[in-house]
Each structure stands twice: as C-alpha cells, then as structure tokens.
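*Asks:* Chains as they are written, first to last, in this note's numbering: chain A, 864 to 1082; chain B, 864 to 1082.
No wet-lab data here; the hints were simulated from the structure.
Small disclaimer: the values here were computed from a predicted structure and weren't measured.
It cannot be assumed that every hint is accurate.
The list treats identical chains as one, so a pair stands whether inside a single copy or across any two.
[To be verified] Straight-line Cα separation of at most 20 Å, SDA-like style, residue types lysine to any residue; simulated pairs: (1) 886 with 1061; (2) 934 with 1035; (3) 934 with 1075; (4) 934 with 1064; (5) 985 with 1062; (6) 886 with 909; (7) 985 with 1076; (8) 1005 with 1034; (9) 1005 with 1060; (10) 886 with 1075; (11) 1005 with 1032.
Residues per chain are reported as follows:
There are 2 protein chains.
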Amino acid sequence: MSTPRTTVRRLPARGSYDTAVLKAILDEALVCHVGFLHEGQPFVIPTSYGRVGDVLYVHGSPASRMLRALKDGVPVCVTVTLLDGLVLARSAFHHSMNYRSAVLLGTAVEVADPAERDLALKAIVDHIVPGRWDSVRWPSEKELRGTLVLRLPIDEASAKIRTGPPVDDEEDYALPVWAGVLPFRTVTAAPIADPRLPGGTPVPDHVTAYARPGGAGAD
Amino acid sequence: MSTPRTTVRRLPARGSYDTAVLKAILDEALVCHVGFLHEGQPFVIPTSYGRVGDVLYVHGSPASRMLRALKDGVPVCVTVTLLDGLVLARSAFHHSMNYRSAVLLGTAVEVADPAERDLALKAIVDHIVPGRWDSVRWPSEKELRGTLVLRLPIDEASAKIRTGPPVDDEEDYALPVWAGVLPFRTVTAAPIADPRLPGGTPVPDHVTAYARPGGAGAD
C-alpha cells in the first residue's frame, strides 16, 4: 500500500502502513481535508466522507468547485487528522502534538452505478451517525441528480502517529520546567432538538448512545 | 480580502470575509492542513501554526517534503476547520455539520530575518499553549539551523460557517424522525506529567487553566 510518494520520510518511526491502523483513523474522524489543483492553485476543502472496504467516498453538489474539479479525474490527496494531545517539552524546539493522521493519494472518479452510489450515500450518513440511514427519508430522484459521489480507492496511503511524552535533549531534563502531555478529547454535549420537532418525539439510541469508534462519546 | 478564488460559491450565505471572524477561527484551532503541489501531486499535510497580525507562520524541518516544496515559493492553500456539531435532518440529503472553516490562499516564503523568525517561533509555541514560550528553554543556534519558518500573508482568504438546526424540505417536517444538532466539544483531560519529571514539580497555570480562545477548556 505504500509507495515512494506515501513513504513517511520525516521521523519515519512515526509512519505506519498497516491497513487496520489506517482504517481505524478514517473511521474515527469525521472530517477529511481534500486537496486538489484548480487553475494552478491548490485548494484544501473540509468535507464529510464514508468508507466501504478499501474505498473512500465523498459527495456534494455537482456545482461545487471541488467536485467539478475532481470528477474530471485529477490527482487528489485526502488527509484525516485526529489530535490527541499537546506535547509540552522543556525546550521550545521539542514541543509537539500527539496525533494520528492518514494521507491518501489517488485519482477520484465519479460513481456512475446507482447501486454503488446508494451504498456510498448510506456509508457517508452512517459514518457521521452510525445507524442513522435506516431512520431517515432516503434521497429522492431529484436529490440524487443533485448529488455527485466520488470514489477514491484506499491503495496509496500512509498513517502517521505520535504518542507518548515529550522527548527532550538529555541535558534539558534537569531544567525546572513542567513537561508532559495535555490530552484532548472530543465529546458530545446534550443533543439540541430541532425547534420544529413535535414535543415528545423520542431521541433515538443512535443519538443518546452516540460514540465515535475510537472512543469519543458523551461528556 | 476576498478574491474570485476565495469567494464562497456553494451556499454563499455561509461565507464570511470578515477579518475578525477569520482570525478567531485561526486562533481557536490548533492544526491547519497545508495543501501544495509536489511533482504534479497535491499533498495535504497537517501541522501546527501561529499567527502574528495578518501573517500566518508554519515551521518544520528544512528536510521535510512540505517545507522544501513551500520554500521555493509555490502556491499554497492553508485550511483550518473547527467541527461544532452534527446536523441530523429528517432526510438523508439534508444531513450536514455545523462547522467554522478558514481557507487561506497565497505563496509561502521563507522567513530569513532572525528577529521575525524568533517572533514566529514564539507565536507558534504560544498558539499551542498561551504563555508557554516564557517558561521553556529557547532554541539554540543549532536548533534554529534545523528549523525552517515560512510566512503566509492572510490577505486572500475566506471563512465558511454553518450554525443552527437542520433545514428540511417543508413536507418532511411531518415525518416522525428525531431531528436536531448533536454538539461537539473539544476538552482537555488531566495533564499527564512526563515520567522523568521530578516529583513535586508544580504544574504551571498555563497548563491547569488551559483553554482555547473560543472556549474549549478543561473537561
């Protein structure tokens, strides 16, 4: 799965090419950043996504700059980053972050097959809230005409992970400076019902028991 | 500050070109995603950053693929995204996220002036943990030779913001589907002292009272 383009060169010990590690990062995060070239200028656009096996799907309006550029089959980079903590060293130089990131390279192509498109849209909705698809109104023909779905095979990719305490220069450990990790967690707050929701509408389990696969859950 | 390239075209009501809004997003977030072209392939790399007035700074090793590409003065896109919540509509089609994002375009250049470089490094460390710079060992000459700092003027940029409840098609409001927003918050957990820290080293206020400017703070 690794190629020279996805080989982690800086601090290679942080690199991982294990598919399970990569997919766990993709499944836990909610937003990816899609990089593409448009008239000579790189653009990086945040968007939601879904994964089915070894394929990543993104979607949007056929009128969007991003999707119009991508459906022409241009090279793309999709990056997903989870921030796990701040790494506070004794020296400014060794400050860092604990994170898990996945970088996917490839060429996105439009999904033309209706069955694959439906599967992709379900994957995108259920990626955001597992179990949601089965409880909502599915897309109409008109809505499907207004939705472009792109597929990116997960076959040229790498993950990069930093964990653990700061690593200082040996002579700096004697400095009277607090050092360690300040962990971050993403939590959900209480759901806010739509003001137009009739009173008494039960909050479904997929909302009350919401949790990301990696562990981020209710506060 | 807006140009045709940074004008928000999809759902323009979500676009903002207010400098204060843009800077607030940059100041609250911790990670930016830098997009650049390298041998015909777009790359999107997560990294930390700092802001001083109307300039964004990123730094890293002179050996990194990203910084080597950028110091040659190639066009770059820096995107920062804050995820505020999941927007659960009655229809699959109207599912969305509440978010605040900033997109900066431009050409990054290497900071050659030592005074500006020092200011930039302070800004990057203090962006991660406000007040940290003054309590740590500052970079040595050798470390400075191993650090490349790039500046990107914040002059071609836009912010995009979505807030509030889902917006469903009128006929869907009668559906017996729970709809609303599931808010996300990023919180810090208890700091984890470096195992090599001498017992009794006090935890400084900039760690115990840590909070992002936008409000993310201790759990």
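*Asks:* Run every hint past the structure and note whether it holds.
*Replies:* Comparing the hints with the structure gives:
no.	hint	result
1	886 with 1061	neither (39 Å within a copy, 39 Å between copies)
2	934 with 1035	neither (52 Å within a copy, 31 Å between copies)
3	934 with 1075	neither (30 Å within a copy, 38 Å between copies)
4	934 with 1064	neither (40 Å within a copy, 56 Å between copies)
5	985 with 1062	neither (28 Å within a copy, 52 Å between copies)
6	886 with 909	both (19 Å within a copy, 18 Å between copies)
7	985 with 1076	within (17 Å within a copy, 36 Å between copies)
8	1005 with 1034	between (66 Å within a copy, 15 Å between copies)
9	1005 with 1060	neither (25 Å within a copy, 62 Å between copies)
10	886 with 1075	within (13 Å within a copy, 29 Å between copies)
11	1005 with 1032	between (61 Å within a copy, 12 Å between copies)
When the structure is compared with the earlier hints, violations turn up for hints 1, 2, 3, 4, 5 and 9 and for no others.
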